[in-house]
Amino acid sequence: MTNYKDILKSGAIWGFILLELAFFSIIGDRLSVSDQPFLAYDNMLLVLKQSAPIGIIALGMTIIMINGNIDLSVGATFALAAIVLLESMTWPFMQAMGDWAIPLAWLFALMTGVLMGAINGIIVWKTGVDAFIVTLGAMLGFRGIVFMFNGEQPTSHLNWTLVDFAEAQFLGLHTATWFLLGTALVLWLLMTRTLHGRNAYAIGNNRDAAVNAGIRVGPHFMWNFMLIGFLAALSAVVFYSESGSVNPNDGMLYELWAITAVVLGGTKLAGGYGSIVSTLGGVIAIQLLRKGLGHVGADTQTVNLVIGLILIAVLVLDRQLNRKGQGELKI
Amino acid sequence: MQMTRQEVGKLLAKQGILIAFVVFMIGFALANQRFIGIDNVAGVIRSSAILGVMALGVTFVVIGGNLDLSVGSMMSFSTIVVLDLHDKIGPALAIPAMFALTLCLGAFIGFLVGYLKLNSLIVTLGMLSAIHGLTLTWSGGKNMDIADKAGTWFSFFGQDRIMGIPVPILIFALLAAGLTLLLSKTPFGRKVYAVGGNGQAATFSGIPRARVVFYTYLISAFCVAVAGLLQASRSLGSQNTVGQGMELEVLAAVILGGASLLGGSGTVFKTVIGVLILGFIQNGLLLVGLDFYVQYIVTWAIIILAVWLDVAAKRGRLWSPIA
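Chains A and B supply the protein sequences, listed in that same order. Each residue of the first sequence is one higher than the one before, counting from 39 in the working numbering. Each residue of the second sequence is one higher than the one before, counting from 27 in the working numbering.
Hints listed in this document are in silico derivations from the structure and should not be mistaken for laboratory results. Please read these numbers as outputs of a predicted model, since none were measured by experiment. Be aware that a few hints might be false.
As the list claims (entries may be wrong) - So, partial list: chain A residues that the calculated Cβ filter (under 8 Å) puts toward chain B: (1) D67; (2) V71; (3) G175; (4) Y311; (5) V315; (6) K329; (7) G332; (8) V334; (9) L355.
Said to hold, decoys possible - Derived DSSO-like pairs: lysine-lysine, alpha-carbon spacing no greater than 30 Å straight-line: (10) K143/B / K164/A; (11) K217/B / K114/B; (12) K296/B / K143/B; (13) K168/B / K114/B; (14) K114/B / K211/B; (15) K340/B / K164/A; (16) K217/B / K168/B; (17) K168/B / K329/A; (18) K143/B / K211/B.
Even for Gly, the Cβ is constructed at its ideal location relative to N, Cα and C.
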């Protein structure tokens with residue numbers, strides 16, 4: 039019985055994706071003004087590509103939430119890494135390096151993300167203040183650092199080598215899609231095949247028991263916050279390599295979109311339960327919905343309404359399926 | 027010696043935020059005389075009033091042990107709705123209609139969190155998105171403006187003064203006073219604390235947990251409606267995203283005031299202090315000539331320090347026991 043329910047729950051998001059595909063390709067194609075069918079190969083490729091920025095962050099958020107923590111600062115980290123990426127390429131010594139500046143700029147941006155994550159992690163570890171509050175503060179603080187660079191002006195730097203790289207298609211898939219799938223694969227291995235992954239579930243399930251079992255919770259948290267900082271930066275690197283211009287308000291509310299995707303994938307806020315693959319499903323489901331509603335000619339604003347209501351509906355359904363052991367938010 | 031140190035710790039934990047506020051004010055007043063000038067103080071309170079009004083409502087929700095992340099987009103909604111209806115049915119009808127609609131949204135959230143016992147973080151996260159969609163649908167994505175800006179009495183709430191006091195300050199003060207009474211002097215207020223402090227114990231002692239939570243969201247929605255009215259009346263025109271991101275600033279103010287996210291603690295007065303601290307930090311740092319973004323970084327430090335002190339005093343040691 040439990041097995042049946044588990045399968046139902048972990049498969050639910052993929053069922054939902056199939057439903058979306060069926061709905062938009064059967065009903066959607068009749069309503070649509072475009073000649074292209076919804077299921078067109080190009081359209082599906084775009085869905086994957088556009089899932090990448092939020093998706094890469096959401097994958098990291100899954101681990102944070104399995105831990106029983108949350109990270110509200112990822113949107114600001116995303117913007118900060120983007121600014122570092124574009125700004126650093128305009129420095130004189132970097133410009134002198136030609137295209138070799140690109141890997142260095144990437145490195146700077148990714149290091150920035152890791153550093154921001156480490157700051158959050160060490161505060162959570164050493165002060166014992168809940169991650170919700172620590173990262174809520176950091177969301178404001180990091181955004182302040184973003185504004186330090188160019189005030190409210192956008193930062194732009196277009197490097198055509200970089201744009202070519204970001205727009206390239208390898209084996210049919212876009213660069214961003216490869217990063218999304220690669221991240222998912224690595225994190226899936228991390229969570230299912232390594233000690234770190236098992237510890238993450240153990241800590242989220244019962245922190246006291248994990249401590250008694252000899253797991254060092256503090257450093258574990260720290261690693262995971264560094265990981266999500268890295269991923270937020272990676273997401274920025276992938277996205278801004280192509281767009282080449284960052285607005286200081288970019289990435290706002292990304293934390294909330296990422297959490298939405300994670301919750302749609304079935305991960306529990308209370309920790310101890312969740313999976314990387316289901317989050318990938320959640321991310322794709324949201325992007326399909328956006329694309330699909332656009333396809334049938336619905337206004338873009340409807341998307342917000344529908345996603346919000348679906349999120350609540352999922353919660354109601356989950357409650358019906360899982361009356362016992364209902365996790366409540368641990369703060 | 028040990029005793030006194032503990033007492034100091036307790037005092038810091040209990041009134042730390044107030045002490046910090048006073049120290050902060052004195053420091054900035056010494057740095058710049060204009061800081062405590064009556065014009066400046068009134069200006070700060072006036073510009074904090076909208077955030078403050080929303081924070082008052084969220085205080086109830088947080089004390090009840092829940093979160094409300096939807097207040098920002100709900101404020102955009104009420105602002106857009108009242109501006110739109112102003113030209114269609116006149117301000118006298120538009121205001122009650124907007125209050126009714128906003129309260130409906132609050133009731134819906136209250137129903138989901140209170141009666142269906144769904145997780146408040148996710149419900150209000152979903153509502154953040156859903157209400158944003160609702161606002162955009164209502165306005166068609168366009169900015170909303172009142173046609174005859176000079177000839178309407180609607181600007182009274184955001185722009186006028188009564189006996190020299192700006193109306194937003196009066197409304198903020200009155201609402202704060204009323205809600206203080208509600209929270210500290212009535213059975214309902216005590217029930218909110220009981221539900222947030224220990225929901226199960228509250229249920230066993232016969233307190234209708236679901237109904238109390240439901241009412242906290244109604245109060246929050248009412249405050250949001252007031253904030254939307256102030257915002258609309260102040261600018262007489264608005265974008266669809268006017269309240270975007272405010273949910274987290276509001277929460278920061280409430281936490282800064284010392285309300286625990288676990289529920290069961292916090293007061294309206296402390297939230298007002300939290301709001302004022304945010305407002306005065308912003309203003310003070312600008313007055314001493316620092317760039318605007320410094321306030322974000324300082325707010326970050328202050329939020330974490332405030333909560334850290336609070337947590338440390340409760341557990342009796344500074345550093346966390348996490349291994």
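Hint check, G332/A versus chain B [nearest Cβ-Cβ separation less than 8 Å] | Hint violated; G332/A Cβ to chain B Cβ min 14 Å, cut 8 Å.
Quickly compare the C-alpha distance for K168/B and K114/B to 30 Å and report which way the hint goes.
-> 16 Å, holds
Are the Cα atoms of K217/B and K114/B separated by 30 Å or less?
-> 41 Å, violated
Hey, K143/B versus K164/A, does the alpha-carbon distance stay inside 30 Å?
-> Between K143/B and K164/A the Cα gap is close to 33 Å, so the pair fails against 30 Å, i.e. violated.
Are the Cα atoms of K114/B and K211/B separated by 30 Å or less?
-> Violated. K114/B to K211/B sits at ~41 Å, over the 30 Å cutoff.
Given the proposed pairing of K296/B with K143/B, does the C-alpha separation stay at or below 30 Å?
-> 28 Å, holds
Within 30 Å, alpha carbon to alpha carbon, are K168/B and K329/A?
-> 22 Å, holds
Taking 8 Å as the limit, does the beta-carbon of V315/A come near enough to a beta-carbon in chain B?
-> V315/A check fails; min Cβ-Cβ to chain B is 20 Å, beyond 8 Å.
Restraint check for K143/B with K211/B, where alpha carbons must lie at most 30 Å apart | Holds - the C-alpha atoms of K211/B and K143/B are around 27 Å apart, at most 30 Å.
For the hint on Y311/A, just tell me whether its beta-carbon gets within less than 8 Å of chain B.
-> Violated: closest Cβ of chain B sits about 14 Å from Y311/A, beyond 8 Å.
Interface restraint verdict for D67/A against chain B (beta-carbon cut-off 8 Å) | D67/A check fails; min Cβ-Cβ to chain B is 24 Å, beyond 8 Å.
Restraint status (C-alpha distance of K340/B to K164/A at most 30 Å) = 16 Å, holds
When held up to the earlier numbered hints, the structure conflicts with 1, 2, 4, 5, 6, 7, 8, 9, 10, 11, 14, 16 and fits the remainder.
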